[in-house]
Amino acid sequence: MTAWGAFILERLPELWSRTGEHLFLTGLATGIAVVLGLPVGIACRRIRCLRAPVLGAIGILQTIPSLAMLAILLSLLGKIGAVPAIIALTLYALLPIVRNTLTGLEGVPDRVIEAARGVGMTRGQQLRMVRIPLALPVIVAGVRTAAVIGVGIATLSAFIGAGGLGDFINRGLALRDSRLLVLGAVPAAILALLVDFAIWAAEWSARPLRQSERRRVLAALKRPALLAPAALVAFGVVTSVLELRPARLGGGAAARGRVGTSGTVRIGSKEFAEQLLLGEMMARMLETRTHLTVERRFGLGGTMICHEALTRGEIDLYAEYTGTGYQAVLKQKGARGAYTVFGIVRDQYRQRFGAEWLEPFGFNNTYAITVRRADAARNRWRTLSDLAPTAADLTAGFTSEFQERADGYPGLRRAYGLSFGKAIDMSPALMAEALSQGEVDVICAFATDGRIAAYNLLPLADDRGYFPPYDAAPVVRTAVLAEHPEVRDALAPLAGLLTDATMQRLNYEVEGKQRSPAAVAAEFLAAKGLLGPPGRAAPPAGAPAKPGAG
Amino acid sequence: MITLERVSKSYDGGRTYAVRDLSLHVAEGETLVLLGSSGCGKTTTLKMINRLIEPTAGRIEIDGTDVLDQDPIALRRSVGYVFQGIGLFPHMTIRRNVEIVPLLLGWALAERRRRADELLKLVGLNTATYAERYPDELSGGQQQRVGVARALAADPAYLLMDEPFGALDAVTRDTLQQELLALRRRLGKTIVFVTHDVFEALTLADRIAVLHDGRLLQLGSKKDVMHEPADAFVRDLFAKPGRQLAAYQDLAP
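The listed protein sequences correspond, in order, to chains A and B.
Heads up: the first sequence begins at 15 in our numbering, then just goes up one per residue.
Heads up: the second sequence begins at 249 in our numbering, then just goes up one per residue.
Don't read these hints as lab results, they were simulated from the structure.
For glycine and all other residues, C-beta sits at the position ideal for the given N, C-alpha and C.
Don't take each hint at face value.
Distance condition first, Cα-Cα at most 20 Å in a straight line; then the derived SDA-like pairs of lysine to any residue [claimed, not checked]:
#, chain 1, residue 1, chain 2, residue 2
1, A, K527, A, A443
2, B, K295, A, G357
3, B, K369, B, A415
4, B, K295, A, R137
5, B, K295, A, R125
6, B, K295, A, T136
7, B, K470, B, F486
8, B, K471, B, D461
9, B, K295, A, Q140
10, A, K436, A, S414
11, B, K470, B, Q425
12, B, K295, B, P320
13, A, K347, A, Q362
14, B, K488, B, H475
15, B, K295, B, S258
16, B, K437, B, R363
17, B, K295, A, L91
18, A, K345, A, G357
Incomplete in silico selection of chain A near chain B, CB under 8 Å [what the hints assert, rightly or not]:
#, residue
19, V133
20, Q139
21, Q140
22, V144
23, L148
24, P151
A few chain A positions that, by computed beta-carbon distances, are all more than 10 Å from chain B [said to hold, decoys possible]:
#, residue
25, P53
26, A82
27, E128
28, A206
29, P222
30, I358
31, K436
32, Q528
Bound-form chain A, shown alone (with noise of 0.2 Å):
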């Protein structure tokens, strides 16, 4: 109990200003919504013909899985953060607003609105004084509904680096913290209910009081119920204004090229232990070692969104792998050697996308074809041919992105003439756990997988060569390193720091033991002596560190 209120206590300022940009997404995007969706609405009611095609084309947007519609709108318009999630949100929202606003509306008994016309009311009149009125809690049900459902889809935003309690569950998930995933997931569980009220408060506030209920004790309630979703909508605001994290809108000025003359370096991560520790190190790199300010956009979804998010400079660098760059983003193959693929991605970078490749950390993260321990040893395995024959006996857990990139699975497939009976999709933060519980018998690990130790398992030996090296080095953008040449030199000392060995030891102390891996990455950087003068240095490598210090 004390670990978790230590736990909660020291996430509480992060807790605050995530709930802060959470409220704000959910809070402008349902705004948005109802702004568009009354109209529509009323255009619907008016219009006859217009009812089919706007709510079956709304209908249908609601149907888009929301990690799609947020990949669809990412390539669209080009840009990650705050933009796209809101409007995948407003998106979301648009169909209960539209649909009760139309159903409020026709629902207005006919003598009513007879009355309203008899007694010499416009058309708009009628509107506004007669069916909107009553239309209104109507409305206001889809307003709520909307609401709850952007709180709820919001969490996903966090993908594409538009933050809110996503974050914590993206965390979560990526270091096998349990706490982290209930720290996002109470508080936007909690703020679900906590919109609902609000929304249901203010409606009720402006509801008619009735005689009977005068001179009670509720009434005095009234007014301030009224103001409880503007109250939690400025909440949303502040916090994330006072936050300031004006990239998260968009980053348009570095988009066009030009670097921003802020002097804040903004270090992108993927949302897995290893690159948030990689971030993590080049961030106090840079911390101690410039006056730059750095900017942390960690837990970015996928290489495709940090490669755009780097091309079109709304991060200035983040760790890529040899590999994935050579084939992911630069769609080539064939080169095998390690050096050979440093030097094509070097040059392509340069020339493609205005971004320079660094010196490479030390350690080759490839793709390891990954088995039990006792599997193996019961059958012989020892390489990746060993399995080929057995394979279609085999459960394989592989993440979506193995099971679809050329110089994953496919490929796989073709250089052992091996299939294996089922593939399931995984997240790559539970695959090690499913080996080992025996849900599958496959995983795509990688070579620095901390876990492969700790789960007893063995990574086979890839004996034709098939995974092209995985070097892991920073990427940064070359306006930036030609503004800052002080970049490089900052990062310089990472070069050749890293084992397979030692980032297996640092992934594990993320992933296996939950420690936070701004922790991990300080202590090992301090132990390493590369933080501030020697004579301030941490505890020296190996020695027990407490969780949470750095």
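Assemble the complex: chain A is given as a structure, and chain B must be docked to it using the hints.
Just chain B now, with coordinates in the frame of chain A:
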């Protein structure tokens, strides 16, 4: 003066007629009752007078001007209308309901308020008690008084009343009928009143127009329709209550 000249209304492009070839006039200050069973076209006739419905053929004039030449919004604001089944706005207070036409006409707040209070008093509702209530906090009879007050708010010369007391119990109906008679004497409005109730027609009317299947069967004073019915239908219509009354008198102590 309201004049209808060979007015017809068909809802189905001429196959059937809700009102057929109807001509009548309503004199200044009189109460004309349109009497007939449901579906006879009396409500349609009433609604055509303030253009809630437009006639298929014929001509309707108010004070010598064709209603079709008038702005329907202005026309409706200038004619008081009391709706069948009350028709108050449920989300507005009683005061708001009463002052709605002055509001639409753009009267100043103080004037509106003064007028609403005056009218509530006129229809026998205590302002302090009722003005801030909502329609569903009032009894049916009280609601219909508000309906009458609302129709009178802008001091219209003409009042159209569509079975206003139809949904009320007999005692309340009688009270309201008597109050309407008193109001009419005081205010001198010209009233077109729709009902299917022979007694109500006889109580309120100066003249009665008997409608059946969209046609005017007879238009005349109470005496005329009672004593010189134009045809068998009119005779039966007025004979039946007479028989009921006789039966009632037989039983009375």
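Hint by hint, here is what the structure shows:
no., hint, result
1, A:K527 / A:A443, "holds, 14 Å"
2, B:K295 / A:G357, "violated, 88 Å"
3, B:K369 / B:A415, "violated, 23 Å"
4, B:K295 / A:R137, "holds, 18 Å"
5, B:K295 / A:R125, "holds, 13 Å"
6, B:K295 / A:T136, "holds, 17 Å"
7, B:K470 / B:F486, "holds, 10 Å"
8, B:K471 / B:D461, "violated, 23 Å"
9, B:K295 / A:Q140, "holds, 18 Å"
10, A:K436 / A:S414, "holds, 14 Å"
11, B:K470 / B:Q425, "holds, 17 Å"
12, B:K295 / B:P320, "holds, 12 Å"
13, A:K347 / A:Q362, "holds, 14 Å"
14, B:K488 / B:H475, "holds, 14 Å"
15, B:K295 / B:S258, "holds, 14 Å"
16, B:K437 / B:R363, "holds, 17 Å"
17, B:K295 / A:L91, "violated, 56 Å"
18, A:K345 / A:G357, "holds, 15 Å"
19, V133, "holds, 5 Å"
20, Q139, "holds, 7 Å"
21, Q140, "violated, 11 Å"
22, V144, "holds, 6 Å"
23, L148, "holds, 6 Å"
24, P151, "violated, 10 Å"
25, P53, "holds, 21 Å"
26, A82, "holds, 42 Å"
27, E128, "violated, 7 Å"
28, A206, "holds, 29 Å"
29, P222, "violated, 5 Å"
30, I358, "holds, 72 Å"
31, K436, "holds, 61 Å"
32, Q528, "holds, 56 Å"
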